[in-house]
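Asks: Please model the entire structure based on the sequences and the hints provided.
Start counting the sequence shown at -18; every next residue gets the next number (this note's numbering).
Worth double-checking, as some hints may not be accurate.
[As the list claims (entries may be wrong)] Derived lysine-lysine pairs resembling BS3-like cross-links, with alpha carbons at most 30 Å apart: (1) Lys61 - Lys249; (2) Lys78 - Lys249; (3) Lys111 - Lys168; (4) Lys111 - Lys183; (5) Lys111 - Lys247; (6) Lys225 - Lys78.
[What the hints assert, rightly or not] Just the calculated beta-carbon pair ranges, DEER-fashion: (7) Lys111 - Ile248: 38 to 46 Å; (8) Phe108 - Arg24: 39 to 47 Å; (9) Arg13 - Arg109: 41 to 49 Å.
Derived from the structure by calculation, the hints contain no laboratory data. Virtual Cβ for every residue (Gly too), placed ideally from N, Cα, C.
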Amino acid sequence: MTVRAEEKISSSASHETNAPIPIKNIGELGKRDDLSLPAAARRIRTIVIDPGHGGLETGARGPQGTLEKDITLAISLKLKEMIERRLALRVVLTRDKDVDVSLENRAALANNNRADLFISIHANGAFRPKAHGSETYFLSLKASDEEARRLAYLENNSPEFEKKIEEENQDQIMMILWDMAQAAFLKESSELAEIIQMELNKLLGTANRGVKQAPFKVLTGVACPAVLVEVAFISNPEEEAKLKDENFQASVAEAIYRGLLNYLRKIK
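Replies: Here is the structure:
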C-alpha cells in the first residue's frame, strides 16, 4: 500500500477467515510444472513482478516499524525463484533492491520487456489496527467501492511522485486512454485476480476481502493482464509479525505462484 499506514482507510465489514493450511518443504518442491501446461499457455514467456514502493517511498509502516517496501521485495524475490525454477519462464523485477522506481517507469519496464503478465505486490494498511486480510485488484477507472477508491488515490499520489497541479488534467486523460487499452485484457486480469485471491485465502488462512477494481496508476500503462495483490495488513500487529516471518513470506509467494499456475492451466 501507500505512504503511512494511518493514511489508509479500511471498511468495517467483517470477513470470513479460514484456517491456514500448513505448507511443508516449500523449498524442496522442485518439480517442473511447465511440463503439465496446455499448449496454449506456451505463449506466456515473460512475467513481470512489481515489488511495491522502494527507496524514499517506503509504503506503509507497521506498529513495530516494519516497512512495506522491505516485505514486498522479500516476497517478490521468493516468487521470482519459484517461477523460474518450476515454470522455466523469464521473470523480470521492476526493482531487485531498495531503490526508487516511479509508477510510470514500472509500467514502461514491463512493456519494454514484452511482459505477458504483470503482478504488483503490496502490504495493506489502515486507520484501524484490527483491519486484516488479503485482497486482489485489477484495473478500472471506476472503483469497486469507496475504500478501493481511497486506496487507489493514496497509491497514485505518493509524496515523492505526486504530479504538479497543472499536470492533473493531462494525467486524467492518460488514465482514460490507458483504461481503454487495459480493457482488452479485462477478462484475463479479472480471472488472474480471482484465482490468486482464492489461493491466498486457501493457503494463508487470511480473511478473504475479495477481488476489487480501482484506478491504480501502476496498472494503467501495462500492455498485458495485470493485477495488484495486497497480501495482508502491515498495520495490524498480528499480520505485521507474520509478514516479517520468512516462512510466511514463502507461503505468500507460494499462494501467488499457485494462482499463476492455475491461471496458466486454464488458458485455451
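Asks: Indicate, hint by hint, whether the structure satisfies it.
Replies: Checked hints:
1. A threshold of 30 Å between alpha carbons decides the hint, and for Lys61 with Lys249 the separation of about 25 Å falls inside it, so the pair holds.
2. Of the supplied pair hints, the one linking Lys78 and Lys249 is violated, its CA atoms being roughly 36 Å apart against a limit of 30 Å.
3. Distance check on the hinted pair: Lys111 and Lys168 sit about 33 Å apart at the alpha-carbon level, beyond 30 Å; violated.
4. A hinted pair counts as satisfied when its Cα atoms are at most 30 Å apart, and Lys111 with Lys183 qualifies at roughly 21 Å.
5. Only pairs whose Cα atoms come within 30 Å are accepted, and Lys111 paired with Lys247 is rejected, the gap being roughly 36 Å.
6. Distance restraint check for Lys225 and Lys78: the Cα-Cα separation of roughly 17 Å lies within the 30 Å cut-off, and the hinted pair is therefore satisfied.
7. Taking the beta carbon of each, Lys111 and Ile248 are about 39 Å apart, inside 38 to 46 Å as hinted.
8. The supplied range of 39 to 47 Å is met by Phe108 and Arg24, whose beta-carbon atoms lie about 44 Å from each other.
9. Checked against the hint of 41 to 49 Å, the C-beta distance between Arg13 and Arg109 comes to roughly 44 Å, which is consistent with it.
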